[in-house]
Structures are given as C-alpha cells and as structure tokens.
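Visitor: Listed here are the chains, written in short residue letters.
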Amino acid sequence: MTPRRRALIEFILDNLVWLMLIVVLIVFSLTVPRFFQFGIFANIFEQSTFVGVMAIGLAIVIISGNLDLSVESTAALSAMVTGLLFATQGIGMGITLGADWLLIPVSLAIALLVGTAIGLINGFLVIRVGMSAFIVTLASFIWVRGLVVAISGGRSAQSLPPAIRVIGIETVLGIPLLAWISVGCFVVFSVLMARTPFGRYVILVGGNPNATFRAGINNDRILWAGFAIAGCLAGLAGWLLAIRTSGATANLGTGMLFNAFAAVVIGGVSLKGGIGRLPGVYAGVLLLYSIHTAINLMGLPAHFTQMILGGLVLAAVLLDTLKLRLRERLL
Amino acid sequence: MKRPIKAIIGAVIAGAALVSPGWAQDKGTIYYMVPTLLDEFQTESVSAIESFLGQVGYKTVTLNADNKTDIQQSQMNDAILLDPDAIVIAPVDFNALTPSIERARAAGVPVMIFDRQITSTMIDFTSVAGTVEIGHVAAGEIQRLLSERNGAVRGKVLQVLGDPGDPYTLDIQAGFEERMAEYGDVTIISLPAMQWEASNAGSIVSDQMLANPDIDLIFVHAAHLAVAAVAALEAAGKKPGDVMLVSSNGAPVGLDLIRQGWEQVEVEQPLYAQAAAIAMFADKVVNKQPIEPGTYEVLGLQSEVTIEAWGPNIKIPGAAITRDNIDEPRFWGNLTAPKDPITPVE
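Protein chains in written order, with the numbering used here: chain A, 1 to 331; chain B, 1001 to 1346.
One chain only, chain A, in its complex shape (with noise of 0.2 Å):
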C-alpha cells in the first residue's frame, strides 16, 4: 500500500463521525421541510452546547481510563446555585453586586468552583481511597441530584438579571453566544489533549498506566486533574443552562449524561480508556442535536429519538470495532 493511500485511509477512519455528520445533514436538508436554514444549524450549535461541554469533562476521565458519571447532576447543582444566588424569581435570592457587569464572573467562578469541588471529591475517593470509580460516581449522581432538590426544596429559581441572561441572549456572526463557548471549550482542550504533554500523558495513563507509572509519570497527579476537570466543565455547563433557561429547576438537565455518553462514544472515544480525540467528540454531539432537531421538526413522537439514539450508538460501537480491524488489517 501506498503511503498516500494509507495516509488516505487512516485520515478517513480518524474523521469517520465528521462524515457520518456530513452526511446526515444533508440528508435532512434534502427531505426535512424547514431543515435546511441558518438559523436550525445555529440552534444545532446551541443545543449542543451543554452536553458538548459536559462531554470534553467526560471524555477527558474515560480517556484517562475511568468513568464520571456525576455529570449531568453537578452540572444540576451548579445552575441550582447561580439560580439560587443570582435569580430574581421563585427561591432566587436575587443578590445583586456593586456593578453588574460583575455578576457575569462572579457567578461563573461560583458555579466553577461547585463543579470542580463535586470532581475533587470524586478524585479523593478514587484515587486516594481506592474505590471504583463507577460505584463512586454513581454515588455522586445520586447524592448530588438529592442536594440539588434538598437546596431548592424542589422548587424553582427563575428569572435571572439581564446583566447574565446577555450570554443566552446574544449572538456573534449570527451564531448564539453560547455556542461559541462551546465552540471554544473544545478547541482549547482539544489544543491541550493534542498539543501538550499533560494531553498526551492523559492518553498514555488510560492506555497503559503500568508503562507510564515505569516511565516517571505522576499517574495520580493526571488521574486527579481528569476528574476536576469534568467537575470543572460540569459546572460551567449547569451555568450555560441556568443562562439558557433563565434559573433552575430541580430537575434541570435530567437525561443529558446519556446523551453525554452517546456523544463520547460515537465521537469514538473508547471505554477501556487510552483512545480517543476531542473533535470526533463534538462531532458526536452536533451529530446528536441534528437529530433532535430533525426530529422535532419532522414533528416525529419522542420514543423515536431515543430508539434512533440507541441504535447509533450501537452503530458507532459497531463501527469502531470494524474500524479497529480494518485498521490492523491495511495499516
């Protein structure tokens, strides 16, 4: 084999999500009625940005070899507190700071911090303490979806000040704001996982963690770093939703740890840890949302977006593991 047709080969099984997307959407712009517009690709891109943000988290952990499946509930957690804090409705307290424009950092640092916190706590009980990972974040699901609804009483905070509504609000090129802090969050981390050893030593843990721990490598220090930063992004992602949908409710962000998953898993990142790259993942999210989106303009019922989901993550596990042998066989 030619080395151009083996470069041809590997970019095409390296960017196979990115095609699969590709192809979708123009698949939808041909036969949905309405699909094909600036304006359903924009809310594409703002649909997918809470669970795009959460998926770098989670995919960062699995990459590293374990497993956060406290997302989606810190993500609950950190919009409950902005909400709580900052809205003007319901169980917002409604706190106000000398000039607005510091309500915007003040809040996001908050809403950083809970998020990094539930992670830490995570990575402690991992790490340091030995446990299994799954049963930990599972633990982490439940208990802080529980302190979500013990804070608010299952009650409702809404309404928050215009000051931060502006980053729901706004748009750049035509593009909400919102998506373009997804946008960023990706090309930043994935910079970081490509372009630098802390990136490079999350692959290798997951991979191989003997190897790397024989290599000099602080295994603990990485594995410590996977879990705040999902906590981290968590956080920031419950912060985007509170932004989104103007406050919390006890029940915000319910479901969207599978979606995370989904993402992660058709983005081709691979659950034994060591494989995987952050741009498949967001190809994995937009590729998710495109059929949402499809899905309520074609005005189909619910049920079928979660069958239709199922079966492409199948298809994406399916996929991956055909790509795996194809890969030995040609390359």
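Calculated directly from the structure, the hints in this document are not laboratory data. Note that the Cβ used here is the ideal one computed from N, Cα and C, for glycine as well. Do not rely on the hints blindly, as some may be mistaken.
Unchecked claim - If you want a taste of the chain B side facing chain A, the calculated C-beta under 7 Å gives, among others:
(1) Glu1197
(2) Asp1207
(3) Ala1211
(4) Pro1213
(5) Val1227
(6) Glu1234
(7) Pro1252
(8) Val1253
As the list claims (entries may be wrong) - If you anchor each label on the Cβ, the simulated ranges turn out as follows:
(9) Ser1147/B to Pro162/A: 29 to 39 Å
(10) Val188/A to Ala1174/B: 40 to 50 Å
(11) Val106/A to Glu1346/B: 54 to 64 Å
Please arrange chain B on chain A, whose structure you already have, making use of the hints.
Guide: For chain B alone, kept in the frame of chain A given last:
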C-alpha cells in the same frame, strides 16, 4: 432586592402557615405517596396534605417515589404491612398501581387518590381537579385569545407536552385537542419535552419559531417549561406578547410570567382545595362511613361529590389565572396558605 425579599417572606409565611399544628394528631397515621419532589406542585402538595391532615387529627408520613412506578408499588406494599389508618396516593402510573391499591383495600387499609385519577378499580375517595378538564379550560382560554388576536378562532398553536410517558400530560393533551377539534382553522403542533426537562422545552420552541415563524400561541403543560419557552423567545428577539403563552398547573413561576407580561393565562390546579378535600373526608374514609353525593364548599370553591363506578369522587374546579385575578390568595402559586381551619365533614 425588594421582589426576592418579598417572595422569600411570602414563602416563609406560607410555609409557617402550613406547618402541621401540634394539636390533635391523635387519630392515627396516614401515608402520603407523592410521585416526585422534582416538581413544585408535588412539593407544595406535601406541605398542604401534612398540614391539613394534621388539622383534622392525623399524622402524615410522606414517601417519595422519584417518579418510578416500581418504587411506588414497593412503598405501597411496605405501608400496608405497617397497618396505617389510610393511604393517600398520587400515582406515578395511573393503572400500574391498581393491584397495590386492591391489596391495600383487601388488607383493610382505605385508599384515597390525590390529583391523578384512577378509574380501573374501587377507590375509597378521590380528590381531583381533572387533568382532562385542565385541557378543556386551556382550550377555552386559547380560543378566546386567538379570537381576540385574529378576529376568529384561527391560527397556529405550538403545544409543548411534558414527558410522553406521563399520563398526566397525555390527559391534558386529550382534553385540549378534544375541545379544539371543531376549529379546523387552528393548526396544532404537539411536541413532548422529554422528562419534563426545561431545556428540552426551550429547544422545541427555538426550533419551531424558525420552522413555523407564524406561531400565534404556545401552550406548555407546566409552568417551569414556560420559563424555558420564554427564555427561547427572548433569545429569538421576541418581546412580551409577540407570541402568546398559556401554561398549566399554576406554579409560582407561571404567575411571575403573567406579571411580566410574557404569559396570558395559567390554568391552575387547585392544589390547596384538592388537599383540603382529602382532609375534610379523612374521618369518613378511615371509619369506612358512607360519603354522600352533593355540593361541598372546599376552601370557598363549590365542589361536586359524585358516586362513580370507582367510588366517591370530588371534582374541584380549576381556574384560569389572568392579569385580572392573579393576586387572589386562593391560587396556590401565590403561596398564601388558606387561613380558615379545615373542618371534617360530619
């Protein structure tokens, strides 16, 4: 800061008023099976039922099923073994609980249904607003709003349901569409917000405002979904009143949206009256005395008790909340607990 402080003070006063009084809780224990606590209506129902049953002499133990039918079935089975004086249940699934209800009644434990109607088996007492009727009230109001805007009942309505697995939302849809069926000039687009999650409702509204920019009115099946719908409208550059909004359940956030001008009508479920009716008839149910059909006044609302195939049934009228009557304390969304003591029906 004034509004939130007022809101907090209001909530505290309402909460304090609903705190179960210490007196007379000596008639026994009643279990209340609440379907979920992720919903303001259900959360407030716990406070109301515990308070009102306390006023008529019963201690209430509340169990939350987290919206899971199997958990509620298990809770029923456990409660039966504890031999309570009665069980009040707001079923997660209207029909799946039938065997558990029959088991309870066979064991001598009377069962009362709160808010979500079961008609497939005998029930000792049912207190409902009627979810189908909420759809009817919403349809009447939507016909009025369309008529005022378009000169006749015509236009395009986006109906945002809750989770499609929840019979509550399907009943409202059935009632609404039944009353709208005769108006052929009204196009109804119905889409569900999976798991009653607010951002799902927001996404539906964003997409539909692009696909169908001529939507006149959005009807959402819960007030917390209306908030996300408003956020989506705001992001789409709409101003209050550009697209009319109707919601149901009467939660505080829905009332706030009416005050802000975004929402025109909130169809309320008379939560306090539904809970008060449970307390008013608790003695009759616990002592297995017959309940007479007729009109009863429940917290000032004329409510009709009928004897149905499934047992005594009180239907309390829901109300349409608009800017004109929004401040009336009878609406639970104002979180002003009723001051009048509950008197058991003799």
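Visitor: Evaluate each hint against the coordinates.
Guide: Hints versus structure:
{"no.": "1", "hint": "Glu1197", "verdict": "holds, 5 Å"}
{"no.": "2", "hint": "Asp1207", "verdict": "holds, 4 Å"}
{"no.": "3", "hint": "Ala1211", "verdict": "holds, 4 Å"}
{"no.": "4", "hint": "Pro1213", "verdict": "violated, 9 Å"}
{"no.": "5", "hint": "Val1227", "verdict": "holds, 5 Å"}
{"no.": "6", "hint": "Glu1234", "verdict": "holds, 6 Å"}
{"no.": "7", "hint": "Pro1252", "verdict": "holds, 6 Å"}
{"no.": "8", "hint": "Val1253", "verdict": "holds, 5 Å"}
{"no.": "9", "hint": "Ser1147/B to Pro162/A: 29 to 39 Å", "verdict": "holds, 34 Å"}
{"no.": "10", "hint": "Val188/A to Ala1174/B: 40 to 50 Å", "verdict": "holds, 49 Å"}
{"no.": "11", "hint": "Val106/A to Glu1346/B: 54 to 64 Å", "verdict": "holds, 59 Å"}
Checked against the numbered hints given earlier, the structure breaks only hint 4 and satisfies all the rest.
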